[in-house]
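Student: If you read the protein sequences in the order shown, they are chains D and Y. Take the first sequence: its letter number 9 is residue 9 in my numbering, and every next letter is one higher. Take the second sequence: its letter number 140 is residue 140 in my numbering, and every next letter is one higher.
Since the hints were made in silico from the structure, they are not lab data. From a predicted model like this one, the values you see are computed outputs, not experimental measurements. All residues carry an ideal CB built from backbone N, CA and C; glycine is no exception. Careful, some of the hints might be misleading.
[Said to hold, decoys possible] Computed Cβ-Cβ distance ranges for the label pairs, DEER-style:
#, chain 1, residue 1, chain 2, residue 2, range
1, Y, Asp57, D, Ser187, 25 to 31 Å
2, D, Gly172, Y, Thr222, 25 to 31 Å
3, D, Ser187, Y, Ala88, 42 to 48 Å
4, Y, Leu215, D, His290, 25 to 31 Å
5, D, Asp92, Y, Leu215, 19 to 25 Å
6, Y, Ala184, D, Ala84, 44 to 50 Å
Protein chains: 2
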Amino acid sequence: MIGIDWGTTSFRAYRIARDGSIRDRRASTRGILNVPDGRFGDTLREEIGPWLALGEDRVLLSGMIGSRQGWKEAPYLPCPATPAAIAAALTDIEFDWAQVKLVPGLSGTDAAGVAEVMRGEETQVIGIPALMANGGIACLPGTHSKWVRVEHGRIAHFTTHMTGEVYAALRGHTILGRTIRDGAPNSTAFEAGVERAGNQGGLLHHIFGVRAQTLTGQLAETDAGAYLSGILIGHEIRAGLAGHPGAVVQVIGTPDLTQLYATAITACGGFAERHDGDAAAQGLALIGAHAAWDRQL
Amino acid sequence: MIGIDWGTTSFRAYRIARDGSIRDRRASTRGILNVPDGRFGDTLREEIGPWLALGEDRVLLSGMIGSRQGWKEAPYLPCPATPAAIAAALTDIEFDWAQVKLVPGLSGTDAAGVAEVMRGEETQVIGIPALMANGGIACLPGTHSKWVRVEHGRIAHFTTHMTGEVYAALRGHTILGRTIRDGAPNSTAFEAGVERAGNQGGLLHHIFGVRAQTLTGQLAETDAGAYLSGILIGHEIRAGLAGHPGAVVQVIGTPDLTQLYATAITACGGFAERHDGDAAAQGLALIGAHAAWDRQL
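Isolated chain D (complex conformation) (with noise of 0.2 Å):
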């Protein structure tokens, strides 16, 4: 089969062989929004021609190609969720060239019952079988990152952090984007930065201290981005280990950024456990697994 992650920005598909192995993968930056009127079938046969060809006739979609405003909406699976139910709750899309499956997202409510939504990073948590047997918590880091607690072979509950979309309208679109400058990797600014985020205060107030201490000669100004970085990403970890201290942690991303979270979450107190974006693939797999195929086209 073929399992694609279909995200907003990115497209990664992989080629699946019976026994979940990968025997084959493609990216592109084809992700929804850089796909013209809507022409998502006529993308995804460029992507994947070849491997149609090949004989590959089913095709699974995680992501959101799956929302309003990807190809077709799949209705979001309430949770908690297991594997099987999400299997069962695919949406069929039109396609000449393949049976196309759609995953469902899931809604869910935090702790205070508030509504949480997410698509694709279901398909990522299901990809890691220790978590989906042992249970514990899932860490997708990005522009909005996404912390998942599984139990008892089931999405139970997730929430949701801007992250990295705030870090990005604030050295953007704030004051404190005038005293940051481009600069090398600094570890030792960005740890501090999460350590800042255990100050009293809050994060309104740390924030400031970017400016402040550029200002005051404190900080330089080459730092201040891998600071505010850390103030962000500590307050996010904080958050996702409160009332879960020393717990094990599953970071699933791109290696840049779990690395990132890693060195933020072993100075929170926690442990991390990091994997790379094939997650998807074998979720992808194991979805697919589980669906009601067609025998043949």
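Chain D is already provided as a structure; the job is to place chain Y on it using the hints.
Tutor: Relative to chain D, chain Y alone:
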């Protein structure tokens, strides 16, 4: 004397009698960002010329006019600072039509030793006589809100919270803006946001609820701005009141902002007393009374 609160985007001048009463006032939008080519002297003469013609020859300026981006940089005075110490640290400025002096800004550190600075708010705090006499907490809401602690007649320490600027950045430059539409002020939505700030999960999570709840129909798009404002102000106030439950907070600012903050402070278990921007005039009068003016021009 003439006292002027000359900020980034506004200019507020007061003609003050010997007994501290305000004889006349004028305001314009000629904040330092709106004065072209550094023509601060010309601007001042245009704004207060009629009062100079009446024989006023002492002018005291506070606010960002004393910053590096202003007329002349007035070095920060370190906290703790009394009104007399501030009056002894004025910076003289060249002006052909009157004696002009600049109030210094204050510098300090927060509880964790991180640098803090302010310009202009110190003058407003000094303008609340009961606060200076008895000690207590002041809150000056705005783009960069200040929380100021007065002890033993001195401004002891203070913290800055980027509440107003973060609100604008989130609304204007993140996905949250897509589901926020202008609406009539809604105190129920605002108070729901203030309460939300007390939940677990942290600010970066709480703000995502603006989007999740508008998408799921739990929050009207016309109420989403008030809700977001409540979340941010709620976080600021909870940080400001931490360690001081049930405190009385002197809130100084424009009537609309002090009303919002007073509502939120009450919801967070504190007590609020509201003051308008004329506190600056009282502070300028008090500093001016301590200042060493030349007997004649």
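Student: Kindly indicate which numbered hints from before are broken by the structure, ordering the numbers from low to high.
Tutor: Result: hint 1 breaks, nothing else.
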